[in-house]
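*Asks:* As given, the protein sequences belong to chains R and P, one line each in that order. Quick note: the first sequence uses my numbering, first residue 1, plus one each step. Quick note: the second sequence uses my numbering, first residue 1, plus one each step.
Take these hints with a grain of salt, some might be off.
[Unchecked claim] Where chain P lies over chain R, by a calculated footprint (3+ residues, C-beta under 8 Å):
| # | region |
| --- | --- |
| 1 | 11-17 |
| 2 | 33-40 |
| 3 | 44-54 |
| 4 | 65-75 |
| 5 | 98-107 |
It should be emphasised that the hints constitute simulated quantities derived from the structure, not laboratory data. Every residue gets a Cβ at the ideal spot worked out from N, C-alpha and C, and that includes glycine.
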Amino acid sequence: MGVEVNKDLCTGCKNSSEPVCVKYCPGDLLMIDDEGKAAIRSMEDCWDCMVCVKLCPHKALETKLPYQLADYKARLVPEIYRSKIIWKTEDIEGQCEVFELQTKTEDSA
Amino acid sequence: MGISETKIESIETDLLIIGGGTSGCLAAVKAREKAPDLDVLILEKAHIERSGCLAAGMNAINAYINPGETPESFVEYVRKDALGLIREDLVLSMAQRLNEVVQDVESWGLPIKKDEDGNYVSRGRWNIKINGEALKPIIASRVKEAGVNVLNRVVVTNYLMSEDNEVIGAIGFGVRDGKCYVVRAGATIIATGGTAGLYKPNNDGSAHHKIWYSPFNTGGGYAMGIRAGAEMTSFEMRFIALRIKDIVAPTGTLALGFGATQVNSLGERFMQDKFADMGAEGAPTPIRVYGPTREVKEGRGPVFMDTTHLTDEEVKELKASYLNMYPDLILYWAANNFDPGKEPIEIEGTEPYLVGGHAQAGYWINTRRETTLKGLYAAGDVAGGAPYKFVSGCWAEGVIAAENAVEYIKNKQESKSEQSDLTKKLWDEYNRIYAPLEREKGVKPREMEERLQKVMDEYAGGVSRYYEMNERELKLALKNIKRLQEQIEFLKADNLHELMNCHEVVDRIDVAEVLVNHLLYRRETRWPAYQTRTDYPGRDDQEWLKFVNSRREQDGVKMLEKSYEKLVK
Ligand SMILES: Cc1cc2nc3c(=O)[nH]c(=O)nc-3n(C[C@H](O)[C@H](O)[C@H](O)COP(=O)(O)OP(=O)(O)OC[C@H]3O[C@@H](n4cnc5c(N)ncnc54)[C@H](O)[C@@H]3O)c2cc1C
Ligand code: SF4
Ligand code: SF4
């Protein structure tokens, strides 16, 4: 289905020339709406690649799978660091799992 | 906004690369390394940091010559996997460069798993495991360091041609600024990837982009070549992927990384039972899609990959592996309370795509990766004749294309005269680009896309037809595609994003026309599922061990045949 914008957390990244979510979406699906917040043009056109979710500095975006495929309420939340990413999942019963994965070799990061 | 408000931006460069995906970026870096004084420009419709197939990351490099193997043994394997027909010269020259490009990318910062002896950890015969979540950003940084010029958010729509049919650049428009970009170049590399969105997808409506291949790779590169009269090959070898049902995530990780086997609803290991002579679970890739599709068609579905032997520890490892490449699968499992250690994973075939790096649809090229249009080179999923490229083969091709394009620029005589009617041609293209913005009423790109996908699904062997087709159906497909071509003049866009969507569907219609012509022409069934002709069910090596090629001319798509040459015993 796409990404849900938490309008309380989204700052609109007013100080940058282009917010990272808008800048990097491979499908050009994100834009800034009239209230100065991020908005997705069409939920159904999202590939669920999670690029915008990973890169938003204020964790204002969350991937929501299309309801035709997945039950409500589970979550998958990434946190990006210099050379690693931490993923937290929460299933529909509230069970959590955490994964920490290296993304770049130390000396290159 | 209207035409009058748009501006033209003219640019000159030595080497133009269209598409800043994985092969385009490698080509750009290589060109700058080989010729540091060369001006290299990438035009990318998204942003090279996260564009193309690598947006979400990768968890393996699927084409690598592991210890004990050789480029020749790779060719032998790929030939068998593609049921006897490949361009061995292309596959061999690519294979010879695989390990070198992988080491290059590793040195830029890609973490590759190693064993105690310092060897890469293999995952199957030709694969190695990586932590590739940041693979595209790592490559993009290297592009910046190498001094490549990049224009992001420019959608390229056609080539610029010289008087004697040489490609001398390209034209496109900015999705952000609305400008028309006219780029003149000494040589051009096309690297726009394959085509998704030709067929009705497995999921529709709110999930229509929940597909495996990037829905934003829409066949621009193929379509530009078709319109310019480039020779194309093997479009009839479509690519259909065997994927995890609903979420359409790759299954290679399950089979190669975690020893999962296919079972039907009766618990039968049908690949072992029915395809033992072709290699059972190791049968050629098309057969591994055909097998389960047939089980479902004949009432023994659903089909699964059995992962119930996995321990909790292994399940965790499996999930980590997917987070590096297809993270939404883990959300899908969490949302549906699914534990692959307890239940087998349901699988299905995807809708057909055209992907030259998995199957072999694409530009007809020589070993220098030169297309049949002078000055134009092709690399990656858009280049034909060499299946089994995957990410590393795309890198190798990008590098080879760059080396030869650089040579071409160096040896180039005085720049050729431009077409005398170039200005008129430019204005025609300019009008073609922006016309959908001018229309008050008409057809939205999404509507036209749905129509195309329905036609292709029903008459050209889509999911709903178990990938099967016959001559009568294909002719109906062609008739419908012709009608769609006439409807293009009604396409309407309200903004620049929709203008991009308009050109995406126009490109796919041009690609579909050529695809259906190829499917009609090959009167045998060489690659079951990828290409199943119910009216010609058998494989016929006597007559058809050859390439089907095509070139679009004034009066339609002209079909050509090219012979197969065996290089490796
Ligand atoms: C989900 C997924 C997972 C995969 N996992 C693996 C894996 O783990 N290991 C592996 O070896 N292989 C994997 N592959 C295969 C591999 O990613 C592809 O074969 C490879 O990325 C193709 O490279 P490319 O450069 O041809 O295309 P891409 O990398 O997709 O690049 C094409 C680029 O062209 C741009 N573009 C398209 N049209 C235009 C236009 N008109 N104008 C300007 N720019 C344009 C696109 O935005 C994109 O940036 C995977 C593929 C997918 C889809
Ligand atoms: S990056 Fe995050 S905070 Fe910034 S505009 Fe996008 S969603 Fe809002
Ligand atoms: S998940 Fe990917 S495709 Fe969807 S909006 Fe975010 S960046 Fe774009």
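*Asks:* Closer than 8 Å Cβ to Cβ for three or more residues is the test here. Does the region 33-40 of chain R pass it with chain P?
*Replies:* violated (count 0)
*Asks:* Examine the region 65-75 of chain R for residues whose CB is less than 8 Å from any CB of chain P, and state whether their number is three or more.
*Replies:* Result for this restraint: holds, n = 11.
*Asks:* Count the residues of the region 98-107 of chain R whose CB lies closer than 8 Å to any CB of chain P, then report whether that count reaches three.
*Replies:* Contact hint for the region 98-107 of chain R vs chain P: holds, 7 residues under 8 Å.
*Asks:* Three or more residues of the region 44-54 of chain R near chain P by CB distance under 8 Å?
*Replies:* Per the Cβ count (8), the hint holds.
*Asks:* State whether the coverage of the region 11-17 of chain R by chain P holds or is violated, taking the criterion as 3 or more residues with Cβ-Cβ distances under 8 Å.
*Replies:* violated (count 0)
Comparing the model with each earlier hint shows violations of hints 1 and 2; every other hint is respected.
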